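Trainee: Spelled out from the first residue to the last, the chains are:
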Amino acid sequence: MHGEATAPVVCLGCGCACDDIAVTVAGGRITAAERACALGRAWFGDGQLPAKVRVGGTDASLAAATARAAELLGAGPALVYLAPGLSTEAQRAAIALADLAKAHLDSVTSETAGPSIVAAQRRGRATATLGEIRHRADLVVFWGTDPAERYPRYRERYTPAGVPVIAVDVGPARGPADAADRFAFPADLEAAALGTMKAALMGRTVADPRGPLAPAAVLAERLTQAHYVVIVHDAEPAEQADPQRSEGLIGLAQALNIPTRCALSTLRGGGNRSGADAAMTWQTGYPFAVNFALGVPRYRADEPASEVVAQMRAVLIAGEWRGLPPAFVQGLAGRVVVAIGPRASEVASAEVAVDTGMAGIHEAGTAYRLDDVPLPLTPALSHPQAAAAVLDAIAGQIARRSAVLR
Amino acid sequence: MSAERLRVIGGHLHDPANGIDGEVGDLCIEDGRIVSDLPPGAPTLDARGMVIMPGGVDIHSHFASSSCNQARRLVPEEHAADPVYPPALLEGEPAPRSGTGGTVPSTFTTGYRYAGLGYTTVFDAAVAPVMARHSHAEMDDTPCVDAGFFALLGNDEYLLRQIDAGERARARDYIAWLLGATGGYAVKVVNPGGIEAWKAGQRNLAELDQPLAGRRATARAILETITDAVNALALPHATHIHCNNLGQPGNSATTLATMQALAGRRAHFTHIQFHCYGGPDGTGWGSAAARVMDYVNTHPEISTDVGQVMFGPASTITADGPVEFLLWQSSGRKWVNIDVELETGCGIVPYAYKEKAAVSALQWAVGLELFLLARDPWRVVLSTDHPNGGSFLAYPQLIQLLMDRSVRDEALKRVNQKLLAGSALLDGLSREYTLNEIAIVTRAGPARLLGLPHKGHLGPGAEADVTIYARNADLAQMFSSPRYVLKAGRVIVEEGQLRRAPRGARLHVRPGYDAAVLTDLRRFFDEHGTVQLDNYPVRDIPGEPRC
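So the protein lines, in turn, are chains A and B.
So for the first sequence, our numbering puts the first residue at 1; every next one is plus one.
So for the second sequence, our numbering puts the first residue at 1; every next one is plus one.
Just so you know, the hints here were simulated from the structure itself, not pulled from any lab data.
Accuracy of the hints is not assured; some may be wrong.
Unchecked claim - Facing chain B, from chain A, some residues (calculated, C-beta under 10 Å):
{"id": "1", "residue": "158"}
{"id": "2", "residue": "161"}
{"id": "3", "residue": "281"}
{"id": "4", "residue": "284"}
{"id": "5", "residue": "369"}
{"id": "6", "residue": "378"}
What the hints assert, rightly or not - The list that follows gives simulated cross-link-like pairs (lysine to aspartate or glutamate, EDC-like), each with its CA atoms no further than 20 Å apart:
{"id": "7", "chain 1": "A", "residue 1": "52", "chain 2": "A", "residue 2": "392"}
{"id": "8", "chain 1": "A", "residue 1": "102", "chain 2": "B", "residue 2": "93"}
{"id": "9", "chain 1": "A", "residue 1": "102", "chain 2": "B", "residue 2": "82"}
As the list claims (entries may be wrong) - Example chain A residues on the side facing chain B (calculated, C-beta under 10 Å, incomplete):
{"id": "10", "residue": "20"}
{"id": "11", "residue": "24"}
{"id": "12", "residue": "118"}
The structure displayed is predicted, hence computed values, not measured ones.
Using N, Cα and C, we set each Cβ at its ideal position, and we do this for glycine too.
All chains, please: the whole structure from these sequences, using the hints.
Mentor: Quick look at the structure:
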């Protein structure tokens, strides 16, 4: 069966959010995703999703499901958890729901890029959108990461062809194998290496020329010789990452803007994670870990969802439940779970489950690239339940319940 | 369905657009518009003894953009210090939302606070076109105010290429296409060429005729090309210009040169307070307010807003990346820089203006001088460049400084005098703004300059956005808490409390253009863009375009 390729659509397989994918649909299935990488092809799949609505383990009407969800979440204490796979329109609806339910609100960010964001809140950051990197960079440094595996098209799409690449290996976390130059630091000396580089930029020599930090001063000198340096790091979890890495890289990138120009590019995973951060910020002032229990948003950046979940009676997982941080999933035991999102009906323990489409495959709206550029989502397929509408319906019922109680 | 009517009885009407200056009269409203009369029996609102003005119009604010959101994210400590409970809205209204304040409040709080101040129309003055979709989303979540934005174009790569090539017609078509594609309302120029210079390693442009490295485009060529295009397209608002060298000592020379470069052309010069420095010889730190305002006074084709500095916390947010780099260097505070592909930049530094700091005091004095020396208030709009010079919540204090010389003189005694020599303020400017002049600089003037014929006045046909103040000898108090605010004819603030939070209208334009530009543009996007041309335009912008 032959289908026709769509106009270019956005892939949310990773934070690169490549928007040049031509999807072919035949017989209601995706049969090809032209230009997508392996990660992208897996993300699109064939586009087949269940479309069930279940309450207490049995099939139910959507009205019954939203009513029960409102009852459970409105009774509190509840956690509203933004998983990947939602459009920003659906994320906004979920944030409203959390506000109205006086819930705790969080996203995968607290278990992943949270420390990087908190570091940027302390210091700021010097960065650029991905196109700027493509146009300006004359030196790209991959710091403890090789984007080939988790961000396969990052280099192809967003770094200039032929630009010199430096790999910085931090312990076992290696940069790209094909880098023209390599520097290596033991994981436990990463923060010291970053400090040494910054000191070198200030004209101070602090490293023993024969010690393990000596390459740091050499690397710093190399960076100052470029016109526009881009340093790339991965904000998603890596076991070896030094918690001080983000702050060290931020300080280094900022300081490099004195002698030359520099941008720090922070890699994020798929499913519109940056969109969740953005929408939470504009609606509440905070990018993740927001507690509404007292009727106002309060920032709880040091309490990741995996810790907070144990204090909750009910948990709303909005979005794709597969692939959530294991610590969070473990914490769900004993909680009443409401699942709204793609394959929600596969959450065995869910009291309420509403299958929805996947943002970008079945649902329209907006998603954010890892550099906060918003992109339009054009669905190739349809699904009977849209996440934003279901979340809106629950939020509306919670609002009516609290109005009655007032 | 019967018409929704209201007769506002017995207030003192301040409607300068219609030549009304405090006369007592009734205001008749039907279906969201002002009408000349109503049948007997219409519901009434007693405004006897109160001051009635059109709803406020903010011509220059940073409240709903990707840059703002980066600034919001940067100051969790401010949000923690200013948590905001949901307002007690009437039954049937959209569910009220909590939020946070500080210098960059969350979106719902921004809408509620603007309404609480009697402002009903707000423009975001700096939106990177590629981020336009974000601004629309934030505006969707900013209730109570009609909103629009200005698209940043003074450092746009495609436009610079047209300028390099002398393709002025194509530049005009591109500007028209871009405004329609992004849902923008007007064109903003920030530090023309200087942001591109910053991104390209040239650091900045110091003079109007200094070319960008390796190309023909200069700040002068950028300003002329864009201003001519905007005027040829007959856009409702003039080119909105943030001059080169913002915040630099001696920058009034650049400001005056820019005004002269565009002589005879309709143009709006924004936050000119930040562009009016220079001692008697035009250099260094000192007030050049009199020299610049003298030019403005004698050139009716140009308009301005002041960008007043108010003492206290601020967040500096601008596309002017090189300026924020300097501020980071001099202040040692947090610093965000975001180079935005093909279009512009973004810099953010949280800041505070202090009475005892010499430069802060100079900036404060320069702004007041500009207001007090302005002969035509219709062309000198009240702004703080929110939140750059201070929050919009400081407007009432600013109004008090303009209306009450004694308050102003007391304040002047408290500030650092080091750089004030030569300031007309120190010589004792005695002018006190009248209520009608306040109505001009806060609503009638900006509405006219924005080309919004149905806003900023109370004549028949006007949108019934109305602010009603109870008189108070404390003018800051009076203007900070209107007794009633009406949006599209409905009372949204009642007895000083927000009771309704309607969704505002979106103000945008879609000028015509020669579609031939799209062929060239597609080639450009294919070669240089990381967003597909087909994915670039914002879809489903609410409301009809204004042109």
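Trainee: All hints are to be evaluated individually against the structure, with a verdict given for each.
Mentor: Status of each hint after checking the structure:
no.	hint	result
1	158	holds, 7 Å
2	161	violated, 13 Å
3	281	holds, 5 Å
4	284	holds, 6 Å
5	369	holds, 8 Å
6	378	holds, 8 Å
7	A:52 / A:392	holds, 18 Å
8	A:102 / B:93	holds, 19 Å
9	A:102 / B:82	holds, 18 Å
10	20	holds, 6 Å
11	24	violated, 17 Å
12	118	holds, 9 Å
Hints 2, 11, counting from the list given before, are not met by this structure.
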